[in-house]
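Engineer: So the chains spell out like this:
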Amino acid sequence: MMETLVSNIPKKPKTNKLYKTLIFIAVFSIIIWAFDGLNYKGIMVTASGTVSGMIRGFLNPDIEYITNTTVDGLLNAVIETIAIAISGTFVSGILAIPFALFASQNIVGEKVSKVGKFIITMIRTFPELILALIFISVVGPGAPAGILALGIHSIGMLGKLYSESIESMDIGVKEAIESCGGNKSEVLFRAVLPQVAPEFLSYTLFRFEINMRAAATLGLVGAGGIGAPLIFAIRSRRWDRAFTIVIVLIITVTIIDFISGKIRKKLV
Amino acid sequence: MSDESTEKIVIKKPFRFKFYFTIAIVVFLIFGSAYFAGFNVYEVITNLGQTFRLLDKLFLPPAWDYTERIIGPLFETVQMAIVGSFLGAIVAFPVSLFAADNFIENKYVNTPVRFILNIFRTIPALVLAALFVAVFGIGSFAGIVALFIFSFGLISKLTYESIEAIDYGQVEAIKSLGANKLEVLRYAIIPQVLPQFMSYTLYAFEVNVRAAAVLGYVGAGGIGQTYERNLAMRYFDRVGMIIIVSFFAVLIIDVISRNIRKRLV
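Chains as they are written, first to last, in this note's numbering: chain C, 812 to 1079; chain D, 69 to 333.
Accuracy of the hints is not assured; some may be wrong.
As the list claims (entries may be wrong) - Just a few of them, taken from the derived set where beta-carbon distance is under 8 Å, the chain C residues facing chain D:
no., residue
1, 842
2, 894
3, 898
4, 937
5, 938
6, 958
7, 1028
Stated by the list, open to error - Quick list of in silico lysine to aspartate or glutamate cross-link-like pairs, DMTMM-like style, CA-CA up to 20 Å:
no., chain 1, residue 1, chain 2, residue 2
8, C, 1077, C, 1020
9, C, 971, D, 274
10, C, 1076, D, 232
11, D, 225, C, 1020
12, D, 225, C, 1010
13, D, 125, D, 296
14, D, 225, D, 173
15, C, 971, D, 322
16, C, 928, C, 1020
17, C, 971, C, 1051
18, D, 225, D, 274
19, D, 225, D, 169
20, C, 925, D, 322
21, C, 1076, D, 229
22, C, 971, C, 981
23, C, 1073, D, 229
24, C, 928, D, 274
25, C, 1073, C, 1010
26, C, 928, D, 229
27, D, 330, C, 981
What the hints assert, rightly or not - What follows is a set of in silico ranges between Cβ atoms, one per label pair, in the way DEER data are often shown:
no., chain 1, residue 1, chain 2, residue 2, range
28, D, 136, C, 1004, 47 to 53 Å
29, D, 133, C, 1062, 48 to 54 Å
30, D, 315, C, 858, 34 to 40 Å
To be clear, the hints were calculated from the coordinates, so they are not data collected in a lab. The beta carbon of each residue, even a glycine, is placed where N, CA and C say it ideally should be.
Given only the sequences and the hints, what does the whole structure look like? Please build it.
Structural biologist: In structure tokens:
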């Protein structure tokens, strides 16, 4: 009985074994190459001391720093980080709309949209940290440099997502307005934007979540936010303060993710 | 006459208190943040000339002859990203099984695993790298550990969500033949999520290449370290060259990886 059942199993479709083996070998050798380049110099002599210091710092939060409400305190740094993320997201949310229109096939045609898409990809590829360093030399170290860096860098992602939702919208509304003699700006404000607004808002909120994390790292290069006190604490081996900041950062990001996620679910 | 009668039909919009209230809050948040962060549009515009002066120093012309000295750190950056995402993927798969509520049907396992994964994902890679540089010393090893943890969090989150979204019929079919957990995993789950899992690993690799390029700024190896050294010594033309080379490297890797991902899923 069992044997007849087994014999009824359809044969596996033939696959190109050579092709598969070649791919496997290629991937395997790339990974070997990568591991080969790893120069592991052994763990530093001071590592165990550092780790035990870290654990001690982790268990003894820096209460003085938490309760400090002046400009040098934790609360100020957290609010500044959130402020950078909000302002940066807002700037990019506005700036991304023209870029997105310029990259949408059903607005500007196929050829122009390819150029627009390429520009958006280029913006996305440029690291925000390097943008931050460039803007620091423009507006000086501090939060505004971080806002500008996030504002420009986020165009890359938002522009792409915006243009995708413009391309998938119902084109009938646009045609209806055009057939009534509507001009370009009327098409934009009465057909395009009302349709895509909920998706735009949802993407912008999603980008805000990402920007919260980015804003936390911008301080490492001097562009404001919680990263600056964090890197000072790490460099001066003040582990109690460093881990207090990391824990507060985790809590803040988690809360913001939660709120933003709830709003996004309602929107779409 | 007829005009008036049509006008009467128009239904008055209800006063949308909630709508205006939300807008007021959003406006307050945006202006409040701009004020708190000291963001001044006027100042930005007046300083715009500075930007062009800097761009001029960076790119007109970049130090073309510096290229050969960049290739080494650039390869190191890519190697860091490969090792980080490879190790991250290996650890992520088993862990994601524990986070998926249709494989391990136990809330007391799923919830804590997910909680830990969430924590890993909230810590930015750069912060992890700064911490590991303190432990392992300056060099690419600290960066690899940071990328490993970061990609582990990313891949396992995406994978467990895919596992939860699989077609459960196959699992039930195999279970009804008397298969145990391992056989369910081998014949019902892995075939369904493997392409997605590989695609997520490639995605993590893309993210890691970008991250690895800047990790050096805190001393965690790769091209970022070369960048930081030259910036500190104000060799702007070299910095410009590094930006150009890493930009195109990231762009090429992105294009290749994205094409493979499109084929996978």
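Engineer: State for each hint whether it applies.
Structural biologist: Checked hints:
Interface hint at residue 842(C): satisfied, since its Cβ lies 6 Å from the closest Cβ of chain D, which is below the 8 Å cut-off. Interface hint at residue 894(C): satisfied, since its Cβ lies 4 Å from the closest Cβ of chain D, which is below the 8 Å cut-off. Taken as an interface hint, residue 898(C) checks out: its beta carbon lies about 5 Å from the nearest beta carbon of chain D, inside 8 Å. The interface hint given for residue 937(C) holds, since its Cβ lies 7 Å from the closest Cβ of chain D, which is under the 8 Å cut-off.
For the restraint placing residue 938(C) at the interface with chain D, the shortest Cβ-Cβ distance is roughly 5 Å, inside the 8 Å limit, so the hint holds. Below 8 Å, beta-carbon pairs count as interface contacts, and residue 958(C) has one with chain D at about 5 Å; its hint therefore holds. Interface hint status for residue 1028(C): upheld, as the beta-carbon distance to the closest one in chain D is roughly 4 Å, under 8 Å. With a CA separation close to 16 Å, the supplied pair residue 1077(C) and residue 1020(C) stays within the 20 Å bound.
Simply put, residue 971(C) and residue 274(D) have alpha-carbon atoms about 17 Å apart, close enough for the 20 Å limit, and the pair holds. At roughly 19 Å between alpha-carbon atoms, residue 1076(C) and residue 232(D) fall within 20 Å of each other, so this suggested pair holds. A threshold of 20 Å between alpha carbons decides the hint, and for residue 225(D) with residue 1020(C) the separation of about 16 Å falls inside it, so the pair holds. This hinted pair does not check out: residue 225(D) and residue 1010(C) have alpha carbons roughly 23 Å apart, beyond 20 Å.
Distance check on the hinted pair: residue 125(D) and residue 296(D) sit about 16 Å apart at the alpha-carbon level, within 20 Å; holds. With a C-alpha separation of about 17 Å, the suggested pairing of residue 225(D) with residue 173(D) holds against the 20 Å cut-off. At most 20 Å may separate the alpha-carbon atoms for a hinted pair to count; residue 971(C) and residue 322(D) meet this at roughly 15 Å. At most 20 Å may separate the alpha-carbon atoms for a hinted pair to count; residue 928(C) and residue 1020(C) exceed this at roughly 24 Å.
For the hint pairing residue 971(C) with residue 1051(C), the CA-to-CA distance comes to about 41 Å; that exceeds 20 Å, so the pair is violated. Between the alpha carbons of residue 225(D) and residue 274(D) the distance comes to roughly 17 Å, so the proposed pair stays at or under 20 Å and holds. A threshold of 20 Å between alpha carbons decides the hint, and for residue 225(D) with residue 169(D) the separation of about 13 Å falls inside it, so the pair holds. In summary, the hint linking residue 925(C) to residue 322(D) is supported, as the alpha carbons are separated by about 17 Å, within the 20 Å threshold.
Among the hinted pairs, residue 1076(C) with residue 229(D) is consistent with the structure: their alpha-carbon atoms are about 17 Å apart, no more than 20 Å. With a C-alpha separation of about 18 Å, the suggested pairing of residue 971(C) with residue 981(C) holds against the 20 Å cut-off. Between the alpha carbons of residue 1073(C) and residue 229(D) the distance comes to roughly 18 Å, so the proposed pair stays at or under 20 Å and holds. Among the hinted pairs, residue 928(C) with residue 274(D) is consistent with the structure: their alpha-carbon atoms are about 19 Å apart, no more than 20 Å.
About 14 Å separates the Cα atoms of residue 1073(C) and residue 1010(C), which keeps this hinted pair within 20 Å; it holds. A threshold of 20 Å between alpha carbons decides the hint, and for residue 928(C) with residue 229(D) the separation of about 30 Å lies outside it, so the pair is violated. Between residue 330(D) and residue 981(C) the alpha-carbon distance is near 26 Å, which puts this suggested pair outside the 20 Å criterion. For the hinted restraint 47 to 53 Å between residue 136(D) and residue 1004(C), the CB-CB distance of approximately 50 Å keeps it satisfied.
Range check, residue 133(D) to residue 1062(C): about 49 Å between beta-carbon atoms, so the 48 to 54 Å window is met. Take residue 315(D) and residue 858(C): their Cβ atoms lie about 35 Å apart, and the range 34 to 40 Å holds.
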